[in-house]
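Let the sequences and hints guide you as you build the complete structure.
Read top to bottom, the protein sequences are chains A and B. Residue numbers are given in our numbering: position 16 of the first sequence equals residue 321, and the series is strictly consecutive. Residue numbers are given in our numbering: position 167 of the second sequence equals residue 207, and the series is strictly consecutive.
Any given hint might turn out to be false.
Just the calculated beta-carbon pair ranges, DEER-fashion [as the list claims (entries may be wrong)]:
hint: 1; chain 1: B; residue 1: Thr83; chain 2: A; residue 2: Leu455; range: 38 to 46 Å
hint: 2; chain 1: A; residue 1: Thr567; chain 2: B; residue 2: Ala60; range: 51 to 59 Å
hint: 3; chain 1: A; residue 1: Gly319; chain 2: B; residue 2: Ile63; range: 42 to 50 Å
hint: 4; chain 1: B; residue 1: Ile63; chain 2: A; residue 2: Gly415; range: 41 to 49 Å
hint: 5; chain 1: B; residue 1: Glu72; chain 2: A; residue 2: Ala566; range: 41 to 49 Å
hint: 6; chain 1: B; residue 1: Glu72; chain 2: A; residue 2: Gly319; range: 58 to 66 Å
No lab work stands behind these hints: they were computed from the structure. Small disclaimer: the values here were computed from a predicted structure and weren't measured. A virtual CB, placed ideally from N, CA and C, is assigned to each residue, including glycine.
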Amino acid sequence: MAHHDDQDLLPTPGQRVGTFLKRKDVSQTFVLGIFFTAVFVVLGLWVYPHWMPNVMSKEMQGNEDIMIWFTVISAPIAGVVLAIAMESFINMHRGDTPPPEDGPGIKTHGPVVVIWSAVSVLFTIVAIVWGITEMNTWSSDALAGSNNALVVDVTGSQWNWSFNYPAQGITSHELNLPINQPVEFRVISADVNHSFWPVQLGVKVDANRLSTTIARTTPDKLGVFDVKCAELCGLNHAYMETAGHVESVADFNNWVSQAKATGGTQQ
Amino acid sequence: MASTTASKSKTALGAVVAIALGIAVVAGVGVELHAHSYLNAPTETATINGTITAPDGKSYPHAFITDGLYADPIDSKAHGACATCDGGHPTWPSYGPFTHFVLPAHAYVTVTMHVYDGGEKLNSPYFANVVGTVGGTMNVDGKDVASLAPDGVQHTFTIHGLPTETQDPLFVNIPMPKTGDGGQDQAGSPLPKGHVVTFSFITGGKGNYVWNCEYPCGDTTYQGFGAVMGSQGYMSGKVTVL
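This is how it looks when you write it as structure tokens:
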């Protein structure tokens, strides 16, 4: 007669996973997870782009692409987390009777741990490689165009921006730029820390006191963009905004001429 | 079974109501704080007196505002103009008696400022320039000027607003000249000799704007932006164009 000890009667890991997946709450969570993942993918691919600012430079296009694809990549994680939360809420214990005893804990399941770790590592590597590649591309493009770049000295001060065009000899409260011309922003603060953020150009850099930060871009679409401060800087931080304009070269030159005619200070 | 379903419904309803209440409370607090951010600010509504033809050839209603700028509450009281200034802060300089200005839309606004305070070097020399006025100048004691020396600016009166699609932009920067040393208002008066600064600008459509001083005249906290520069009123206020 064969002898069996208690270990022989325990289900195998595969049987445990099979039993686990057949549970009603698990299958519901699974369905909900797929549903929420699909919702987030749709949001990321088709709705999100409408919520993002207009694209007025290649850098901003890169920002939008990253935001969209990272949203899609993270959709399964967000979907599963939301599904678990929703399922827990739906099936939470109610009433005066005490809750039933909890089932046996699910012990470490090797394949699940390996798959989960591998997927997490893959996501992280994709994010790192994508980000570094994008940044390197921008830097290379910007440096290639830096020889003929329009230099703008950007000064943040509580609670306004001012822009000095040293080659043109003018200063302005509004930021006017010619289209398809590489621009080099030399950003500094006159007082506390600010953050220079021409939103639709896809640039955001700190404005520090006594230290110049350089950022480059090339506006490639005519229109108006917002210049904001992205660092909480005091009483009127919310009003530390101004308008920027990407203009034709002729319009920009005309604006420069007008500013010079009025003593070099232009609104 | 029926009681379980009813219990689930109650729980779900409770959750929805709790979330809705939470959103309502947060939104309500935000709206109230925004609406009352300059509550009780002494308000001056511009006086309209006839029309004027601007350099652009157009005729505008001519609106007038008068205000002052004082070294401290004692100084402003002595000039009979203390309204904004707070007796709890006897060393704080202040614009006054008004810090909220109501202006007509599409009007030619002329502002007269009586200024009494010393001056030092601006953090950002840009704000030593007169910007956004008719002709790009202001008048100081009868003389038109387009800028001041950046190291001799008393305070600035700088109007600006959010570049929204719903209101016209308005940006005006006026550097205020510092008072001369030793001068007096009148013979025998202990008050310093001040300046009379006038400037004009043209308003666009309706909108809400703010103004503030760009000279860091607060205490030494945060590069001079503590105390008076970190408080509403005094060196900041609101401009409403109706």
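A quick look at each hint next to the structure:
Look at B/Thr83 against A/Leu455: about 44 Å separates their beta carbons, and that is inside 38 to 46 Å. At about 55 Å, the beta-carbon gap between A/Thr567 and B/Ala60 stays in the expected band of 51 to 59 Å. Under the hint 42 to 50 Å, the C-beta atoms of A/Gly319 and B/Ile63, about 46 Å apart, fit the expected range. Taking the beta carbon of each, B/Ile63 and A/Gly415 are about 44 Å apart, inside 41 to 49 Å as hinted.
At roughly 48 Å, the beta-carbon separation of B/Glu72 and A/Ala566 lies within the given 41 to 49 Å, and the hint holds. Range check, B/Glu72 to A/Gly319: about 60 Å between beta-carbon atoms, so the 58 to 66 Å window is met.
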